[in-house]
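Protein chains: 2
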Amino acid sequence: MAFLHTRKTSRTDNETVSEIQKPTIDGITIDCVIFGFNKGNLEVLLAHHAEGESIGKWGLLGGYLQKEESSDDAAQRILYELTSLDNIYLEQLKAFTAPKRVPRRRIVTIGYYTLVNREDYNVKAGLTLMEATWHKINELPELIFDHQEILQFSLMQLRNRVKQAPIGFNLLPEKFTLLQLMHLYEEILGIELDKSNFRRKILHMKLLVALEEKQQDVSHRAAKLYKFDPEIYKKLTEKGFNFEF
Amino acid sequence: MAFLHTRKTSRTDNETVSEIQKPTIDGITIDCVIFGFNKGNLEVLLAHHAEGESIGKWGLLGGYLQKEESSDDAAQRILYELTSLDNIYLEQLKAFTAPKRVPRRRIVTIGYYTLVNREDYNVKAGLTLMEATWHKINELPELIFDHQEILQFSLMQLRNRVKQAPIGFNLLPEKFTLLQLMHLYEEILGIELDKSNFRRKILHMKLLVALEEKQQDVSHRAAKLYKFDPEIYKKLTEKGFNFEF
DNA sequence: CCAAAAGTGTTGTTGATACACCCATGT
DNA sequence: ACATGGGTGTATCAACAACACTTTTGG
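As they're listed, the protein sequences go chains L and D.
Taken in order, the first sequence gives residues 1 to 245; the numbers are from the UniProt record's numbering.
Taken in order, the second sequence gives residues 1 to 245; the numbers are from the UniProt record's numbering.
Calculated directly from the structure, the hints in this document are not laboratory data.
None of these values were measured; they are calculated from a predicted model.
Do not take every clue at face value.
Identical copies look the same in the list; a pair holds intra-copy or inter-copy alike.
Said to hold, decoys possible - Below, a list of computed lysine to any residue pairs in the SDA-like style, where the Cα atoms sit at most 25 Å apart:
| # | residue 1 | residue 2 |
| --- | --- | --- |
| 1 | K163 | K235 |
| 2 | K39 | R105 |
| 3 | K234 | I191 |
| 4 | K67 | K100 |
Construct the entire structure; sequences and hints are all you get.
This is the structure we're talking about:
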């Protein structure tokens with residue numbers, strides 16, 4: 001059964017691929033990139049490290065993977081512990097595994113990203129995140145370890161995913177105007193869009209439900225409010241549709 | 001600094017998120033989904049387990065992540081050890097982390113997938129893979145652990161990625177005809193395509209270089225051969241282009 | 001000559017793009 | 001009245017789908 005063509009490492013014949021050697025890993029962590037949208041700016045929630053080796057620096061929100069939970073559950077748990085938000089769109093990015101990504105120890109981290117509505121967040125959290133604050137995506141502080149890389153990767157992922165599924169809606173309040181939605185796409189994708197064409201395309205998809213309500217207290221013509229309809233989305237999603245603007 | 005809103009687990013105040021507890025993981029493995037294309041069929045390379053707990057069953061090709069290598073390097077190494085193929089397109093899928101995905105031990109695996117040209121493989125390998133054989137994607141045997149899930153996920157990933165980048169070319173020989181390419185897309189995406197429209201679209205992209213050569217020994221009009229040009233691809237890729245057919 | 005695949009041409013429809021213009025509202 | 005954003009209309013152009021047709025080659 002000598003089907004292994006060895007290069008760096010050699011193995012004896014009686015081993016099965018799955019059972020070759022002892023673990024060489026010190027631990028697995030989860031790191032969450034939490035995106036928010038505020039006044040036209042895409043923002044990320046970062047934690048300030050007040051103690052330990054990375055004192056004074058900022059990092060992503062994370063924690064250890066527990067023995068009896070999947071990484072999805074762990075990410076959900078960590079998000080809940082930090083923001084008390086439950087049942088949120090959460091997606092795994094990938095594993096980050098560079099041997100020296102953390103000094104001295106061999107830690108592999110699994111990245112996650114999520115989009116939260118700042119309004120919900122502010123209301124429901126009910127606690128002051130003294131150590132965690134929002135940072136504009138264009139004005140980031142220095143980050144610990146490879147968190148900069150994780151963040152850049154998740155930004156790329158967000159830009160790609162936002163073109164294929166209506167996940168951007170997670171960043172907006174329940175009721176929103178079409179131009180709010182357009183500005184969100186502009187900010188995420190870093191492009192400018194034509195108002196008229198954006199309206200046509202998004203309405204043509206029939207993904208939004210027009211409400212009777214209008215904006216209040218604005219110093220210009222009040223815009224109609226819309227909401228995202230998950231029911232309609234489910235029907236549409238089977239056929240596949242794209243969000244390129 | 002009580003910014004943790006505890007739910008299941010509670011933590012004392014003096015801990016930093018990164019330093020809460022000891023590792024609870026028995027090991028990290030890499031599992032590779034290796035796609036090939038043969039006579040119009042999409043196939044996957046599987047290993048037959050001749051010993052150990054999973055005796056008699058089939059599984060993905062995998063191995064342990066070593067102490068001083070990244071998972072990308074590990075996947076590359078494993079692919080090389082098994083097929084002696086070097087410098088191949090290889091992409092991380094994600095981490096698979098269900099607590100009970102492997103009996104008794106807590107093993108997290110990082111999935112990778114790759115597309116190999118069967119011709120190259122047969123020629124260059126230079127060794128008989130007695131224990132590893134190709135299986136048609138529609139006629140898969142029962143797989144160990146969660147390998148079925150990993151495989152399905154990678155198939156989904158392949159279908160998505162193939163629409164956004166010309167990775168499908170990795171499955172074809174260096175020189176190929178337009179209809180070979182079309183059949184490849186049809187097989188991967190599970191759809192039928194119009195010959196004429198496919199030609200127009202793919203040629204319009206100017207991604208292929210027409211060769212002077214033609215097919216040999218075919219019992220019908222010989223088709224012109226093309227090759228994929230990575231130089232042209234690089235230029236195009238900056239603007240972004242899509243492969244939806 | 002026939003089968004089989006290579007390769008070309010045509011036409012109607014759809015959707016993206018660019019841009020001009022009118023509407024409502026608070027200051 | 002004017003600034004600001006909300007909202008509508010339209011002409012042009014490029015891309016795509018469907019399908020009919022011609023060409024080359026081996027047997």
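Tested hints:
Taking the shortest Cα distances, K163 and K235 sit within 25 Å of each other both inside one copy (18 Å) and across copies (22 Å). With identical chains, the CA atoms of K39 and R105 are never at most 25 Å apart, being 40 Å at best within one copy and 48 Å at best between copies. Within a single copy, K234 and I191 get their C-alpha atoms only as close as 28 Å, which misses the 25 Å cut-off; across copies the closest is 22 Å, which meets it. In this assembly of identical chains, K67 and K100 lie within 25 Å of each other by CA distance both inside one copy and across copies; the values are 24 Å within and 10 Å between.
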